[in-house]
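K.L.:
Protein chains in written order, with my numbering: chain A, 295 to 547; chain B, 295 to 547; chain C, 295 to 547; chain D, 295 to 547; chain E, 295 to 547; chain F, 295 to 547.
Quick caveat, the hints were computed from the structure, so don't treat them as lab data.
Heads up, some of the hints might be wrong.
Put simply, identical chains are the same to the list, so a pair is met inside one copy or across any two.
Claimed, not checked - Dumping the calculated DSS-like pairs for lysine-lysine here, alpha-carbon to alpha-carbon at most 30 angstroms:
hint	residue 1	residue 2
1	Lys462	Lys491
2	Lys538	Lys299
3	Lys443	Lys499
4	Lys386	Lys445
5	Lys299	Lys499
6	Lys299	Lys462
7	Lys423	Lys333
8	Lys538	Lys458
9	Lys491	Lys314
10	Lys333	Lys491
11	Lys386	Lys423
12	Lys458	Lys314
13	Lys538	Lys423
14	Lys499	Lys538
15	Lys443	Lys299
16	Lys462	Lys538
17	Lys539	Lys423
18	Lys423	Lys445
19	Lys299	Lys491
20	Lys386	Lys443
21	Lys333	Lys458
22	Lys333	Lys443
23	Lys491	Lys458
24	Lys299	Lys445
25	Lys462	Lys386
26	Lys333	Lys462
27	Lys423	Lys491
6 protein chains.
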Amino acid sequence: MITVKDILDYIETLAPCSLKMEWDNVGLLCGDANCPVHKIMVALDPFESVCYEAYDAGADLLITHHPLIFVPPHSITTQTSVGRSIMFLCEKGISTINAHTNLDCAPGGVNDILAQTLELEDISVMEPKGLLRMGTFSTELPYFLAHVKHKLGTPMLRYVDGGKPVHKVAVGGGACADGLMDVYDAGCDTFVTADVKYNQFWDAKDLGINLIDAGHFYTENPVCAHLARQLSEQFPELVVEISKKHRDCMEFA
Amino acid sequence: MITVKDILDYIETLAPCSLKMEWDNVGLLCGDANCPVHKIMVALDPFESVCYEAYDAGADLLITHHPLIFVPPHSITTQTSVGRSIMFLCEKGISTINAHTNLDCAPGGVNDILAQTLELEDISVMEPKGLLRMGTFSTELPYFLAHVKHKLGTPMLRYVDGGKPVHKVAVGGGACADGLMDVYDAGCDTFVTADVKYNQFWDAKDLGINLIDAGHFYTENPVCAHLARQLSEQFPELVVEISKKHRDCMEFA
Amino acid sequence: MITVKDILDYIETLAPCSLKMEWDNVGLLCGDANCPVHKIMVALDPFESVCYEAYDAGADLLITHHPLIFVPPHSITTQTSVGRSIMFLCEKGISTINAHTNLDCAPGGVNDILAQTLELEDISVMEPKGLLRMGTFSTELPYFLAHVKHKLGTPMLRYVDGGKPVHKVAVGGGACADGLMDVYDAGCDTFVTADVKYNQFWDAKDLGINLIDAGHFYTENPVCAHLARQLSEQFPELVVEISKKHRDCMEFA
Amino acid sequence: MITVKDILDYIETLAPCSLKMEWDNVGLLCGDANCPVHKIMVALDPFESVCYEAYDAGADLLITHHPLIFVPPHSITTQTSVGRSIMFLCEKGISTINAHTNLDCAPGGVNDILAQTLELEDISVMEPKGLLRMGTFSTELPYFLAHVKHKLGTPMLRYVDGGKPVHKVAVGGGACADGLMDVYDAGCDTFVTADVKYNQFWDAKDLGINLIDAGHFYTENPVCAHLARQLSEQFPELVVEISKKHRDCMEFA
Amino acid sequence: MITVKDILDYIETLAPCSLKMEWDNVGLLCGDANCPVHKIMVALDPFESVCYEAYDAGADLLITHHPLIFVPPHSITTQTSVGRSIMFLCEKGISTINAHTNLDCAPGGVNDILAQTLELEDISVMEPKGLLRMGTFSTELPYFLAHVKHKLGTPMLRYVDGGKPVHKVAVGGGACADGLMDVYDAGCDTFVTADVKYNQFWDAKDLGINLIDAGHFYTENPVCAHLARQLSEQFPELVVEISKKHRDCMEFA
Amino acid sequence: MITVKDILDYIETLAPCSLKMEWDNVGLLCGDANCPVHKIMVALDPFESVCYEAYDAGADLLITHHPLIFVPPHSITTQTSVGRSIMFLCEKGISTINAHTNLDCAPGGVNDILAQTLELEDISVMEPKGLLRMGTFSTELPYFLAHVKHKLGTPMLRYVDGGKPVHKVAVGGGACADGLMDVYDAGCDTFVTADVKYNQFWDAKDLGINLIDAGHFYTENPVCAHLARQLSEQFPELVVEISKKHRDCMEFA
C-alpha cells in the first residue's frame, strides 16, 4: 500500500527541501503521512476550488506548487480562504503536499520545464542561487513574443522592448523580476518572467533588456504535467490527475 | 437558533479581547462562527483527550482557557498534538473558543475566582497591568498552606517560608511568579501562584515573601465551573458541561 | 523674480509634506532653492529621457510625481540611471521637485483626480490612512472596463471578475493592491489600481471584488495636467509645459 | 603559594570556558586573581548566606555552580541581594569563581555526576549541544521514582507517567525541560530534570515520556562534592570545604 | 544623623533623575543608602586615584559628575580600573553618588555654571532637549579665546575660526559637538564645548561658527565647587571637600 | 588615452577594496569612469574648497582619502556642503575617487607611511584587523614628542604620560583611539593617533600607555605625497598635483 509518506519521499528526490528559500514553506502542510493514497490530484495552487475538485475527483492527496499555508495562521476558521480550505481538507481526509521554491530550483523543475517549453537551447543554471535558467533562441523580438504566447498559451503578454534582437534568454517562472541585475550580469538580452512592476519595466529598458511578463500562471503551470507524468511512472498503481478546472483567474480586456 | 457567534459575543462581554496581553491568542481559533450550537464543553485546556471527550459528549463547541493555537503552525499534520487536535475538530465539525489572558484579567475571571475560592477579603486588583489580585487573610503560614490545599484541591504544595505570618495575600493563577516584585511593592506578605522556578523561590525568600506554588491546573481550573454557570444562565436552552476527565497530568511521589 | 523656493512653497500648500508616507522622499531632491525659474516641465517620472526633454525645452525646473532619489545613493556616477540623471541635471542647472505619496493623499491629488477622471460620484476618502478614494458608478462590469480604458487611455486592462455588478468603486493610482482588505471593509465591489500580482487577483476573487489593473502610468498620469494647470494659474508669468514624450514603456502583445 | 589564578587555571582544565552557553557568565566574577588562597568553600549558589558561611569558615575563595552576577548590574548597593553579596565579598577580601553551563557540559561535570549518582549504565552524551546525558536503567516507573528520591535525597518528586517502563534514561540537572524533543529524538523513555512547567508535563505525556522533576537543587548539588574532591587532590595543601548550611529553600506541604 | 539617603534626596532636588538622558546611569552607584555620612568628597570623576584620595581624606561619601559604572560589568575584579575602584570602595565602606546628564541639564548645573563662569549675559536654555545654554558676549574672537582660557584655566584651546565676531555664544560642557546643528539653528555664532573631532571642526567652518574645544575637564569642573558649596550650605554639620589632586591627565606639548 | 577607469584600476592594486571596513564607502563616488584624465589633484579631503582648487588647477580627477559621500544623501542640493560639492563637480565634469580604510590598511598606505614618517624601525602590522602598525623607537617621552611634532609638522600635541620611556610604538592615523586595548595587548608603550577623547586619555593612563594625539590631518596627510608620487610614476604622461591650499582648519590658542 502506498502512503502519503512514500509520495513525500519521492518528491524529496525530485525537489529536495534543502533547495528551498529560507522563507518558504514546503512538504506535507496538511494531513497524515501514514494515510494510504489511491488517487493524486496535481495543480498549481491549493485554492478552495481546487480542494473541492480534488474531493469530487476522489483524490486523497493534493500536490501543488504554491503552499497551502504561507503565513502561519493564528486561527483556522471559515473567515479566511485558507481556513476554509484546511477545514475542508481535514473533514474530507485529503492530504496536501507542495514543492515551491525547491521545485523552482530543482533540475527538471519549474524553470527547467519553462526553458524547455520555450525550446531554448544550451539551457543552464543562470546564477549562484540556482533559481533562474538561461539558454539561446535567436530571432527578432516580435517573433519571440508570438512564440512565447503560443508555447505557454498566454492570452496576452506585457513587455518592454530593450532595443535588441533575442539571442540569450533568461527565464524565471512566477515573480522573478527582482533578478533583473543577475540577468544583466549574465549577459542575457531577454528575460521571461511574471508579475512585473512599473519600475521594473523601466529598469529593463534602462539596461537594454527585453523584459516579458508572460503571466504567473502560464510560466509555472507547465511543471504540473511534468510532475504528474513523473508520479505516474514512479507509482503506476496510482491514478494521477491534473486539475482540469484550475486556470488563471485574471483576464484581459 | 444559537450560533458560535452568539457565544463569542457573550464571552466578549465577560472577558473583552482588549484585556489580553499583546502576545496572546484568543477568540474563535478553530471552526465556523455561523454553526449552530446545542451543547458546549468547558475545560481548562484543548488537549487531544479533551477534544475526544467533547466529541463523545456530543458537544459542538469547546470553550477553554488555554489557546488551541499558541505558536502559529507552519503545517497541520498528525505529527504534532496540535495538528491532530485541529484535524479532529475540523473533521467532527466542533468549534473552539478560548479566553486566556483576557479572562485572567477580567472582573470575575481566573484571578478573581481564585481569590474568592481562597476566601480572601477586600479583594482588589494589585497592579496597573490588571492581572493579579490581592486580599486579606490572617493566619499562620502552616494553616494557610492547609487552607490552600483544601480549597483548591491541590494534592501537594511547593513553597518557601518568607518568615512572616500571612496577612496580605496576592494571587495569580498559572505561571505568574515573574510578578514577584509587583507583589513586594504592593506590600503583600504571601503570594499564591504556580510553575515557580528555583531562583524565584530564592528571590521570594530574599524579599521575605511566602511564595506558594499551588499548581497551574489547580489555581486556574476553578474558573471553568464559574464560566459554565454563566453560560448556562445566559443560554438556558443549551447544555453546558464541564470536562469530567481533564485533570492535572502531573503527580507527586 | 520667481525662485525654486517659491514653487516649493506653493506645492507645500497643494500636497503638504506631512501627508507623505514615512518611507517616502519628497521635495527638492536636486538643485538650488534660490535659482530663478522661468519655465517648468511637469512629468510623472524624472527618468533620463525626461531630463533631456526638460533641457531641450529650456526648462529650469522639473516637477514629477515619482522621486528622483528613492534609495539614497552611495555614489553619483554614470554607472546607474539615477547617477546619470543627477549628473546631467547638475551640469545643466535644472532643479527637480517631486510630490509623491503626499500628492497621492492630498485633496485634489493623484487619487482625487483619478476618481474624477473615472467620473465617480459622491467621491470620498476611503480609509484612515487617507490614500484611497471611493465613489459610485453603477453599471455592468464589461461596460465599466470599457469606460476605464476610454477615460484613462489604457490600451489593455488586466482584471478579475468578482461576480458582481459595479456600484461602489475604490481607486488607488499606482501599486495600491495591498489595500484590498480596506476596500472590502469599506463595502466596495470594484477596485481600480495597478501593478497587481497573481495572488492579489485571487484574493480579490475570493472576496468577490472586481479588481482592475489599469496600469501604473495611466492611473497616475492624469494628475500631471491638473498640476500643470494649477502652477500656471498661480504663476502666470511662468511657462509650464507637460512632458510630451514621456509615456508608459510597457506594451502589450 | 597558591593563588586564585592557579585555581582558575585548574578549573579551566575541568570545565573549559569554551563549553559555556553564549549567554552565560563564568570564571572569576569577583575578586583578585593574584590573591593567595588557603581555604576554599564549594557550594551550588553564591547566595548571601553562603557568602557569610564562607567568611565564618575562614575561606578566601568561594567556588559555585551558579554565577554571582547574571544580569550585569547598573549599581552595587545594599538594595539588592547581589549588591549586598558583592559588597560583603569585597569587604572581606573573598574571591568568587563559578563554572555554570561549562560545568554542565564538561566530562565529569554536573550531568555526568547526575547520571552516575542515578547509577545509569552506558552513559553517553545525548545531543550535539553536549549538555544532556543518557544511559540505561531498567525497571518499572514507581521503582525508578523511589530510586531517584533515594539517590538524590529529593524529598518529593513531581512527574508525569509516560506509560512506559523505564529503560533508556536522559538526565539534565536544573531547568532542562526545553530539551524534551531532543530526549524524544534520542529514543529515551524517561527524563530526569527540574523546574518543569505545566505545558512541559503535558508535552511529555503527549510524547509518551516519563518526565520527572527531581528538583533544581537536588539534581545539581551532587557535583559539589565531586568538585571539592578534585580540588583537594589537585591542591593537597589547601583546605576545601563544602557548604554545610546551603540547601534548597523550597519545601513541600 | 545624616545618611547617604539624605544626600541623595537633596541631590534629587538639585538635579532630578527625570532630567537624565535615557542611556545614562546616575544616583547611588555603590554603597549603602543607610550609612551615616560625616565627610563628603566632591570630584569630577570617580577614578581610582580619586577613590584613594577620598579614603585618605576620611570621606565616607564620594560625589562625582561622571558615573562609576557606565557599562554594567560582568565581573568585579582587579583586572579593570572600575573593578579595582568598586572593590576599594566596598572594602573601605565609602558610598558613591553621581549626577551626570541630569546635572548637565539642571538649572544651576554644569552648563549653567559654565555659562556663568564665561560671564555670558541673558543666559537661556538653547534647545528643547534642555542640555545646552546660550548667552551673549560681544567681542572679537581672539579676545574671546583669551577670556575662555583665563576663566576656565584651560592651558590651551583648539578652535576653528568661523569668520565672525563673537556675539551669541552657545556652551556645552564635555563632548557636546554633535549639537552643532542645534547651535546653528539657534542663531549662535560661537560654541564652546570639548572633545571635538576633525570633521566637526570642518562642519563648523562650513556653517560659519566659531567652534572652541576648551577641554572636557575644564568645561565641566567648575560645577564641583558650586555643588560643594550647595552641599555645605544644606548640611552645615558635614565637612565637604573638593578633590585637590584630581585634574586633567592630558597635557599639551 | 588614460581614463578614470585606468586610475581606479591602479588604485585597486595599491589599496584593494576588499581591505575596507564594512561600513566604509570607497572608489569612484562621483563622475564618469570613461572620462579621459589629464590632470589629477590629490588631497586628504574632498571639501568644497578643495573641489574649487581642483577646478582652478584644471584637474579632471580628484583623489582623496576621505569619502565625498559618507551618509548616502536623500537629496543633492545647495543646502548642504556635500550637495554643493557634488553639484559643482558634476557641473565641471570632475570625477572623484577615494581610498579610505582600504588605504589605511594597505601595505604602503596611511599607517605604513605614518610609521615611516616617524622613522620607526621593524615596522609590522599590529592586530588581526590589519589597521594599525607598530615599530620600535627608543627614547624618553619628551624627546619623542618633539620628534613627532617635527616629523609630522603638527603645531601642538595633546598627550598623556603613561609613565614609561618610549620603546615600542603603535601608530594609527586619524581617529584610532578605540584600538587602545589592542595596543596594550600588543605590548606597546606608546600610541600615536588622533581625535582622542577625555576618557580615552584616562584609559591610557590607567594602562600605562603614552597616548599622543598628533592631529587627524597631520597623521594622515603624509600619505598624499606618497600617493601622488606613485601615480606620477605609473602614469608619467599625467600631471599629478597635491592640493596646496588644503590644511587643517583647526588652530591652537
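K.L.:
Take the hints in turn and mark each one as holding or not.
P.N.:
Going through the hints against the structure:
Taking identical chains as interchangeable, the C-alpha atoms of Lys462 and Lys491 lie at most 30 angstroms apart whether they share a chain (22 angstroms) or sit on different chains (27 angstroms). In this assembly of identical chains, the alpha carbons of Lys538 and Lys299 lie at most 30 angstroms apart only when taken from the same copy (25 angstroms versus 37 angstroms across copies). For the identical chains of this complex, Lys443 and Lys499 are neighbours both inside a copy (21 angstroms) and across copies (25 angstroms), given an alpha-carbon limit of 30 angstroms. Taking the shortest Cα distances, Lys386 and Lys445 never come within 30 angstroms of each other, neither inside one copy (37 angstroms) nor across copies (46 angstroms).
For the identical chains of this complex, Lys299 and Lys499 are inter-copy neighbours only, at 25 angstroms across copies versus 48 angstroms inside a copy, given an alpha-carbon limit of 30 angstroms. In this homomeric assembly, Lys299 and Lys462 come within 30 angstroms of each other (Cα to Cα) only across copies, at 28 angstroms, whereas the closest approach inside a single copy is 41 angstroms. In the homo-oligomer, the alpha carbons of Lys423 and Lys333 never lie at most 30 angstroms apart, since the shortest distance is 35 angstroms inside one protomer and 43 angstroms across protomers. Taking the closest pair of Cα atoms, Lys538 and Lys458 come within 30 angstroms of each other only across two copies (25 angstroms); inside a single copy the shortest separation is 39 angstroms, beyond that limit.
Taking identical chains as interchangeable, the C-alpha atoms of Lys491 and Lys314 lie at most 30 angstroms apart whether they share a chain (24 angstroms) or sit on different chains (22 angstroms). Taking the shortest alpha-carbon separations for Lys333 and Lys491, neither the intra-copy value of 39 angstroms nor the inter-copy value of 32 angstroms comes in at or below 30 angstroms. When the C-alpha separation of Lys386 and Lys423 is checked against a cutoff of 30 angstroms, the pair qualifies neither within a copy, at 39 angstroms, nor between copies, at 42 angstroms. With identical chains, the CA atoms of Lys458 and Lys314 are never at most 30 angstroms apart, being 34 angstroms at best within one copy and 39 angstroms at best between copies.
Taking identical chains as interchangeable, the C-alpha atoms of Lys538 and Lys423 are never at most 30 angstroms apart, the minima being 33 angstroms within one chain and 42 angstroms between chains. Within a single copy, Lys499 and Lys538 get their C-alpha atoms only as close as 38 angstroms, which misses the 30 angstroms cut-off; across copies the closest is 19 angstroms, which meets it. Neither within a single protomer nor between protomers do Lys443 and Lys299 lie at most 30 angstroms apart by alpha-carbon distance, with minima of 38 angstroms and 43 angstroms respectively. In this homomeric assembly, Lys462 and Lys538 never come within 30 angstroms of each other (Cα to Cα): the closest approach is 34 angstroms inside a single copy and 34 angstroms across copies.
Taking the closest pair of Cα atoms, Lys539 and Lys423 never come within 30 angstroms of each other, the shortest separation being 34 angstroms inside a single copy and 39 angstroms across copies. Only within a single protomer do Lys423 and Lys445 lie at most 30 angstroms apart by alpha-carbon distance; the minimum there is 27 angstroms, versus 44 angstroms between protomers. Taking the shortest alpha-carbon separations for Lys299 and Lys491, neither the intra-copy value of 40 angstroms nor the inter-copy value of 34 angstroms comes in at or below 30 angstroms. For the homomeric pair Lys386 and Lys443, neither the shortest alpha-carbon distance inside one copy (38 angstroms) nor that between copies (45 angstroms) is at most 30 angstroms.
In this homomeric assembly, Lys333 and Lys458 never come within 30 angstroms of each other (Cα to Cα): the closest approach is 48 angstroms inside a single copy and 36 angstroms across copies. For the identical chains of this complex, Lys333 and Lys443 are neighbours neither inside a copy (32 angstroms) nor across copies (46 angstroms), given an alpha-carbon limit of 30 angstroms. Both within a single protomer and between protomers do Lys491 and Lys458 lie at most 30 angstroms apart by alpha-carbon distance, with minima of 21 angstroms and 27 angstroms respectively. Within a single copy, Lys299 and Lys445 get their C-alpha atoms no closer than 35 angstroms, and across copies no closer than 45 angstroms, so neither meets the 30 angstroms cut-off.
For the homomeric pair Lys462 and Lys386, neither the shortest alpha-carbon distance inside one copy (48 angstroms) nor that between copies (38 angstroms) is at most 30 angstroms. Proximity of Lys333 and Lys462 under a CA criterion of 30 angstroms is satisfied in neither setting, with 41 angstroms inside one chain copy and 41 angstroms between copies. Taking the closest pair of Cα atoms, Lys423 and Lys491 come within 30 angstroms of each other both inside a single copy (22 angstroms) and across two copies (23 angstroms).
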